[in-house]
Every structure is written in structure tokens, then in C-alpha cells.
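Engineer: Model the placement of chain B on the given structure of chain A, informed by the hints.
Residue numbers (full-length UniProt numbering), protein chains in the order written: chain A, 1 to 189; chain B, 1 to 189.
Since the hints were derived computationally from the structure, they do not count as laboratory data.
Check before you lean on any hint, since a few could be wrong.
No copy labels: a pair is met if it fits in one copy or bridges any two.
Below are the EDC-like pairs computed for lysine to aspartate or glutamate, each with C-alpha atoms no more than 20 Å apart in a straight line [to be verified]: (1) K14 x E77; (2) K54 x D181; (3) K2 x E179; (4) K167 x D19; (5) K54 x E77; (6) K2 x E52; (7) K2 x E30; (8) K184 x E77; (9) K59 x E18; (10) K160 x E52; (11) K54 x E149; (12) K59 x E142; (13) K54 x E136; (14) K184 x E80.
Listed below, chain by chain, are the residues.
2 protein chains.
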Amino acid sequence: MKFCSACAAPVILKVPAEDTRERFVCTRCETIHYQNPNMVVGTLPIWNLQGETKVLLCKRAIEPRYGYWTLPAGFMENQETCRQAAQRETIEEAGANIQLHELYSVLSVPHVDQVHLFYRATLIDTNYLAGTESLEVALFAEHEIPWEEIAFPTVSQTLKFFFEDLKNVRSGGHFQLHEHDFYKSHRPD
Amino acid sequence: MKFCSACAAPVILKVPAEDTRERFVCTRCETIHYQNPNMVVGTLPIWNLQGETKVLLCKRAIEPRYGYWTLPAGFMENQETCRQAAQRETIEEAGANIQLHELYSVLSVPHVDQVHLFYRATLIDTNYLAGTESLEVALFAEHEIPWEEIAFPTVSQTLKFFFEDLKNVRSGGHFQLHEHDFYKSHRPD
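Isolated chain A (complex conformation) (with noise of 0.2 Å):
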């Protein structure tokens, strides 16, 4: 940020009065221009075949990490709820019909400005196809996983939550809220 957004005059880095923190301070009109971490929103959606849990991935056709894995997830939109964005975002990228289940991992990234939550979901059908922002849209396996090519920390460990979650419920257990935090230094396994 190098002008102010309401008059187009020089913006500094200050401290402003009764603040603790650096912001861009307009020179002129004297605007205080705050910065706020953004979220991310996505879904863990599943399909049970021949006794198996898979989940869907997308393949993402975009930077930051073309070519690799994710689940669908994108930036929030001003005007809508967690849950709405959860399942816009989940058609937008998988084209994939979902029931959408409860919030399954909140994860702050705090070098990168974002928290990214997550939701379980399940497919109504399998008539998913990739969007405009996806290569490819497949059912993994826990065992079929890509983990070496899954584009971020924070979507490999909500499926290695989900994976860990799936014995437990499968042994009478119930799927419980995740919260982690992600720091610089940390890297998928």
C-alpha cells in the first residue's frame, strides 16, 4: 500500500494515537487503512464405496502451487456466512454436490495473514467435475493420498485429522473439531 484508497494522497507506516501497532496512515486525510487476516473456506467431502471412505481432492490449475492437491477451498466473499462460502467454493472448484456436515478444523497461518476452516461434508452424487480453477477432481483412499504432492500444510493435516477421526468413529467414536496452528518453519511431512 503506497496512497490511500479515499483521496489518493501518500500513505506512511505509523503508530496512530491510542494504537499499539504500525498502520498505513493517509498523509493527507489522515485515514487509518487497517489490515486483517483473511479466511479461507473449504470442505472435506466424502464418498463411501464398496466399504471404503474416500475424499475428494482438486488438482489446483492455478498459482500459488499449480498441479498440486487440494481439497476445495477459497478466499471468503464479503455478504455471505462460513457455510455458504464452504459450499460456493466446493462447486465453484469440484462442481461436486454436498450435504455439509459441521466445522471440522480451524487452522491460523499466521505468516501468510489467513485461517482456513474446514467443513465435513458428503457427496450426493459423483457427478463432479473440475472448475475453471481445477486440473482434475478425483476420489483418494487414505492409502491412495498423494501426500507428497498435496499443495498445503493445512489441508494435509485436516485429512490426517480425518483419516485418525475415522478409526475412532468406526470403533463408536465421534468426528471432534480440530484447531492448529501453522507456523513459517513448518512443512508437510
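Structural biologist: Showing chain B alone in chain A's frame:
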């Protein structure tokens, strides 16, 4: 937004190529200025006194809703995690030493482009003290809560979830995550 923060030329609202929504786009450098929801993160701090569970509320010293009561909460900052934001806001607004527990409510407020998160917390001591954004900080049992003077519907709702769950917890149940969406027509009861 009237001007481009990168080059100071005027922006116009238009749907960029391969997008479906209107964005502010620079008429000169063509930078797309995305606008996304903000996260408000806080806590529901409790203190058990003579068999009664009390919650810590702050009387707002700032607009909007000056003079109304709220849970300690505020805008999440870049470079921090959700849990760090919750803890920081509780210290800034209420000067309260807390033990932070699990995420308790996730509340979308699409008409103001916000998502509110509240964590359960327990006060470590009662040395709380109103910060610069609070007129007063005090403990309230359920029957003492000034329901008509609560600042925001997300706060009223989180308090209601809590006292309802508390009855279940006392008979062997557990606290659970609550998700709820608020629309413009929603008013506190």
C-alpha cells in the same frame, strides 16, 4: 474505495476476467483490490464464586454501542493466531489473566462482513481492570446479566449457548462448539 492503493489512479467497480463478482479494479495499473470479511475474536471468561458461575463482561468505552456490555473481543490482527487474538483482546479490554480453553462459538454476520469467534476461558484471578476501550469490567451470574444492554447479538447468543450448556455440563454433559448465522433482521431478544 476511490483510488488505487498501488498507483493512486481512480478505481472502478467491475467484474474482472474469470471472476463472477464486482471488484474495485484500477483504471491504470489494473490491480484488483479484493475485499474480504474480517474476523472478530474474543473470549467468554468465567469465574466460579460460592457455587455460582459468573462471566466477565466489559462496558464499551467506544462506538459502536458505547455504554453497552460485551464479551472481551476485537479485530484479529495480521501475524497472529486465533488463540493469540483471543488472549490479546482479553488482556487489552479487560486486563484479565485467563486460561484459554477451546473454541466455543463461530458466528457469521454477513451483512457487516464479519465472522465472530469466541473461546471459553477461565479467569486465573480477579485482578481484571478496564482497558482504554472499556468503561467498566464486571462479573455477572446468569440472573444478573443485563440482557437489554448487551452490545451485539453474537455476544447475547454466545452467553445463551453457554448458560444452556452449563446446565447440561452440571448433569454430566460437555460443552460443544456452536455455529450460528446472523442476518440483518436479527435483533437481540
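Engineer: With identical chains treated as interchangeable, where does the CA-CA distance between K167 and D19 reach 20 Å or less: within a copy, between copies, both, or neither?
Structural biologist: neither (48 Å within a copy, 40 Å between copies)
Engineer: Should K184 paired with E77 be assigned to within, between, both, or neither, using CA atoms and 20 Å as the limit?
Structural biologist: between (26 Å within a copy, 17 Å between copies)
Engineer: Classify it for me, K54 with E136: is the Cα-Cα distance of at most 20 Å met within a copy, between copies, both or neither?
Structural biologist: within (16 Å within a copy, 53 Å between copies)
Engineer: If the cut is 20 Å between Cα atoms, do K59 and E18 qualify within a copy, between copies, both or neither?
Structural biologist: Close across copies (18 Å), not inside one copy (47 Å); limit 20 Å.
Engineer: At most 20 Å between C-alpha atoms: does K59 with E142 qualify within a copy, between copies, both, or neither?
Structural biologist: within (17 Å within a copy, 50 Å between copies)
Engineer: Is it within, between, both or neither when you check K54 against D181 at 20 Å Cα-Cα?
Structural biologist: neither (26 Å within a copy, 30 Å between copies)
Engineer: With identical chains treated as interchangeable, where does the CA-CA distance between K2 and E52 reach 20 Å or less: within a copy, between copies, both, or neither?
Structural biologist: neither (53 Å within a copy, 54 Å between copies)
Engineer: When no copy is specified for K14 and E77, does a C-alpha distance of 20 Å or less occur within a copy, between copies, both, or neither?
Structural biologist: Classified as between: cross-chain Cα gap 16 Å, same-chain 29 Å, threshold 20 Å.
Engineer: Check K2 against E179 for me: Cα-Cα at most 20 Å, and say if that holds within a copy, between copies, both or neither.
Structural biologist: neither (36 Å within a copy, 38 Å between copies)
Engineer: Could you figure out if K160 and E52 sit no more than 20 Å apart (CA to CA) within one copy, between two copies, both or neither?
Structural biologist: within (16 Å within a copy, 41 Å between copies)
Engineer: Checking K184 and E80: alpha-carbon separation at most 20 Å within a copy, between copies, both or neither?
Structural biologist: between (30 Å within a copy, 12 Å between copies)
Engineer: Classify it for me, K2 with E30: is the Cα-Cα distance of at most 20 Å met within a copy, between copies, both or neither?
Structural biologist: Both ways: K2 and E30 sit 14 Å apart in one copy and 15 Å across, limit 20 Å.
The structure is inconsistent with the numbered hints 2, 3, 4, 5, 6, although it conforms to all the rest.
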